[in-house]
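Using the hints provided, position chains B and C relative to the given structure of chain A.
Protein chains in written order, with our numbering: chain A, 6 to 262; chain B, 64 to 408; chain C, 112 to 461.
Simulated from the structure, these hints should not be mistaken for laboratory data. Keep in mind it's a predicted model, so treat the numbers as computed, not measured. Each residue gets a CB set at the ideal place from its N, CA and C atoms; glycine is no exception. Incorrect hints may have been included.
Stretches of chain B that chain C covers, calculated by requiring three or more beta carbons in the stretch to come under 8 Å of a beta carbon on chain C [said to hold, decoys possible]: (1) 249-262; (2) 307-319; (3) 332-342.
When the alpha-carbon atoms are kept at most 25 Å apart in a straight line, the in silico DSS-like pairs for lysine-lysine are as follows [claimed, not checked]: (4) Lys-302(C) with Lys-321(C); (5) Lys-235(B) with Lys-405(B); (6) Lys-405(B) with Lys-359(B); (7) Lys-321(C) with Lys-359(B); (8) Lys-149(A) with Lys-321(C).
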Amino acid sequence: MELIEYHDVTIAYDPKRPVISHAELRIPQGGITALLGPNGSGKTTLLSVLNRLLRPVSGEVFVGGRALSAISHRELARTIATVPQFSAPSFDYTVEHMILWGRAPHVAYLPRKADLAVVDQTIERMGLERLRRRPFSALSGGEKQLVLIARALAQTCPVILMDEPTTYLDIGNQVRILNTIREINAQSGTTFLVTLHEPNHALYLADEIVLVHHGAIEQGAPDAMLTPENIQTLYGARAAFLDLFDMRYMAIDYRPQ
Amino acid sequence: MRTKKCLSLILALCLSMALLAGLAGCGAGGGDAAAPTDAAAIRVTDSRGVTVELARPAERIVCLLNSGLNDLLMLGCGDRIVGIDEWTYTNDVTYRVLSQLDARIAAREIPAVDGNLEEIIRLQPDVVIIWAQDDEKISALESNGIPVVGIQVNSFDEVFDKMRMLAAVVGKEPRGEELIRWTQGVLDEIDAQVSTLDEADRKTGIFVWGASRLDLAGAASTGHSMLQLCGITDCAAGIDEEHFVARMEDVVQWDPASILMWNIADLDPQDYLDDSQWANITAIRERRVFEIPDDKTFYSDLWTVKYVYAVQYFAKCVYPDLFAGQDMDVFLADMMTTLYGKTAD
Amino acid sequence: MARPRTDRARAGDPTAPGRGRVLVCYLLPLPVFLLALCVGAYRLAPAAILDAILQRLMGRTIFGPAVEPGAMTVLLDVRLPRVLLSLLVGASLSASGAAFQSVMRNPLVEPYTLGVSSGAALGAALSMAFSLLPLQLSAFLFASASILACYLIAGQRGSAPILSLILAGIIVSAVCTAALSAVQLVVDPLKLQGLVFWTMGGFYTTTWEKLLSALPLLLVGLAAVYLLRWRMNILSLGDGEARMLGADPRLLRGAVLLSATLLASASVSVSGILSLVGLMIPHICRMLFGADHRRLIPLSMSLGAAYLTAVDTLARTLFTFEIPVGIFTTFLGAPFFVVLLRKARSIGWN
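With the rest of the complex left out, here is chain A (with noise of 0.2 Å):
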C-alpha cells in the first residue's frame, strides 16, 4: 500500500453537487506529487480532506495502511505537517516561536530541550539563523512562507502538504521555494503533496502528477500527463512543450485562438 490512498472517495459541500466523485487516489512514498487543475476543480478540496477539515460523504481515506478515521488529531498531525498559505498570528511572535510550535503534536505539557534542538537544526538548515528573533509578522511574503515550511519540517512529519505555496509570491521567491522542496525531499526523504496553479513548477519539482478536472482525477508520471491535450482540456489553453534548462519546459500560446 502507497503511503497515502484515496479509495471511492467522494466530497460534497452540498449532498446533491459533489466536487470530488469517486476519486482514487495514490500517492507514493518519498516523492513529490503535484495536484493541477483548474479553479475551483477541487484541489484543496482534495487535501481538505487529509486535513480532517473536511470529511468524506463516502469512501475511505488511508495514511501508512491505516483508515484516516481511526487516527487521532495529534497522531495525524504527527504525520502529515500541512503549511497554509498565510499565517497571521495575532501576538507577535518570533520567528523562532513560529517554528517551534511546529512541535506541539510531540509535546505533551512543555517543549523539551530535545524540541528546542530540533528548532535549532530546522533554522540552520533553512538558514534563518539571522531571522532568528525578527517578529513573524514584519517578514516578507516570501520569508514568511520559508518559515511556515520551516514549522512544518519541525513537525518532523513524513508527509508535508503545501497548497498552492508559490501563487503569491514573485519570481524569485518562487525559485527559492521550488528549491527548498527539492532539497528537503532529497536530504529526508520527506514525501511532499503540493497544489500548484503553474505547470512548470509541476514540471520541475514532480515524481507524480495529479490532474483534477471537474471532480475527476487522472494520476501519472508528468511526462505523460502534462500534455498539451491536457491542457487544453484543462485550460482551455494552447501549450507547447520543449527543453529548456535542463527539464521539459512548457510554454503557453497566449494569442487568441
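Frame of chain A; chains B and C shown alone:
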C-alpha cells in the same frame, strides 16, 4: 437657482417660527411663583432660599415627603392634605402606624401622586411640599403656577426650620413653636443628665448608617449630632463627611466604646459581635452595640422632631445607670400624645 | 554571531528576554507584600509586625513587649487577609485577561468585555434586594452566566468569531444593566445602598472567611491556566492552524474559557468590579517579555499580583476614608488603553 431661493426662504420661515415659539415659551414659564406682591398674607423662605407667597393659609396641600406629612399631622392639619407620596403607603411600618393616626390614610383615600405631575396639578393644591433637590418637578410645578416649598434636612437644626416653614404655610405658628419647645425640653433634660458625666465616664462611639459595617456617619451629619446629644464622643469627628466608608484599621485605632446603628436591613449588632475583626474593639467586648429596633423606626424618624426618641433610646442604652428611671414605653406614649394627640401600637 | 546571552538562552528557552528582568518580575510580589503589611492607618513598626507574627505562631516576641490586641487584630485579621486577597485577585485577573486574549485572538479583550461586570452587578443587586442567595455566590453565578450567554449568542458550530463575541458582550451587558435598573426601580433604595460602593470594586471588607471562600476557586483557575499555557500558543494561531498542529481547538478553547471565566467570576464576587487590570498587565508583560504564553502567563500572574496589591495599598492610605480600588485601576488603565490602541503595531500585536 430658483429652488435654492425657495429653500432658503422656507428655512428662514421655519427658523423665525422656532424663535417666536421659543420666546413665547420662555415668557410663559418661570417667575410667576416668585414674583412678590404686597397683598400676600404668608411669606415663607424655603430650604432653597426661595420666598414662597400664599394669599392665605393653605387649605389644599400636596405633601411629597413622609416627614412633611408627619409634621402636618403634628400641626393638626391632616385634613388639609390632598396628596401624599407612594412610600408612605408601601413602607409597612410607616403605613401601620399612620393608619392608626389618620383614618384617611388607613383607608388609602389620599392619592399617592409623587410619580405623576398631571395628577398633582389636577388636585389644584394651594401648595406642594417636596424635596429641594427635585429640580425638574419643582420647575414643572412652578411653571404651572403652583407654589412649591422645597425642603432640605441635613441637620437637626433644619428639622426645626422645616417645622417652622410648614407651620407658617398652614398658619399654625403657635402650635409649631409648641412642638419645637417640647422637643428642646426633652433634649435639655437628656443634656442635664449627660453633662453630669466626667471625662472618664464619657464613652466614645461611632454611628453606623450601613449598608456595610464600615459605612459610618462623619462630622457633617445627623449621626454625629446624635452621638453628641447622647453624650458620646464621636471617634469619626475628624472626618468631615456626611456618610463615608471607614478603614478598618482606623476603627481599630479609635477603639470605640460604643456603636450606634441606624435601622439597617441586613446588619444587626450580632454581626459585629460575631466578626473576628471586631472582636477586640471595646464596644464589642463590653457588648455596647445598639440598633434602632425594626418596630421603632417610625418613632425615630431623624427628619422630624421624633428624633428625640432615638436620642433618648441610645442615651439610655449607653448610659443605663444615668437613665435608669426613664421608661421608654412611657416616653413613647408621652411623645405620641404630645405630638399627635393619640398613641399607636 | 554568537552572543553569550543567546547561547545560555538556547539551553533553556528559544526566546529569553533579559534573565534579570524576568527574575525581577517573578520576585516583585514579595517586597510589595511586605510593604503592604507595613503600611496602613494603624501605625505598626516593622519590628512590631515580626513580633506579632511570632506571637501568633509561638506565643512570644523578640523585639519588644507583648503586642497589644489591637495591633494583632490589625495585622493578622485586617491587613494580612486583605493583602493576600489582593495578591490572589491581581494574579487571577491578569491570568484571566491573558487567557481570554489568547482564545479570542485579540489583545484588546479582557474579562469585562464579555459582560462579566454587569452580570456580577446584577447578581449582587438581586442578592441585596431579595436575599435569595448570598452576595458572593449570586455575583459569581451571574458573572459566569453572562459569559456563557455571550458564547451561546455568538457561537456558530463550535467556534465564535471575535466580533460576534464582542457584540454579544455588549448585548449581554445592556440586558444586565437594564435588569439592574428594573431592580433599582422596584426595590426600596435603602436596600441597594451598598451596591454603588460594591460596583466600584474594593477589598475593604476582606476577612479570612472571604479569602478562604474564594481561595479554592481561584487556585483551581490559576492552576488550570498555568497548565494550559503552552497550548494557548497553539490555540492563538486560529482553529485551522491549531488543528494542523494536532490540537483539538474546541476542547482547548472550552478548557481555557472555563478557567478564565472561573477566575474572573470568583474575583468579581469577592472584590467587586476591577476593570482593566486584565488588559493592562498581560500587555505590559508582552511588551517586556514577548508573546510566548509559557512565559506570559506566570509573569502576568506575578506582575498582576504586585500591581493590584500596590494599588490597593495606595487606595487605603491616600485619604482618611476608603477609596474603591476600581477607581484607581480604571484611571490608570484607561490612558494605557488609549495609548495601546494608537500604538497597536509596536506592542506585540498585529
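Checklist entry - When you check the alpha-carbon spacing of Lys-302(C) and Lys-321(C), does it fall within 25 Å? => result 22 Å, holds
Checklist entry - Do at least three Cβ atoms from the stretch 332-342 of chain B come closer than 8 Å to Cβ atoms of chain C? => result With 4 residues in contact (Cβ-Cβ under 8 Å with chain C), the coverage given for the stretch 332-342 of chain B holds.
Checklist entry - Is Lys-321(C) within 25 Å of Lys-359(B), Cα to Cα? => result 33 Å, violated
Checklist entry - Within the stretch 307-319 of chain B, is the number of residues with a Cβ closer than 8 Å to a Cβ of chain C three or more? => result Check passed, 10 qualifying residues.
Checklist entry - Is the hinted pair Lys-235(B) and Lys-405(B) satisfied, with a Cα-Cα distance of at most 25 Å? => result 19 Å, holds
Checklist entry - For the stretch 249-262 of chain B, do three or more residues have a beta carbon lying closer than 8 Å to a beta carbon of chain C? => result violated (count 0)
Item to check | Distance restraint between Lys-149(A) and Lys-321(C), which requires alpha-carbon spacing of 25 Å or less | outcome: 51 Å, violated
Item to check | Restraint status (C-alpha distance of Lys-405(B) to Lys-359(B) at most 25 Å) | outcome: Holds, at roughly 16 Å.
Violated hints for the displayed structure, listed by number in ascending order: 1, 7, 8.
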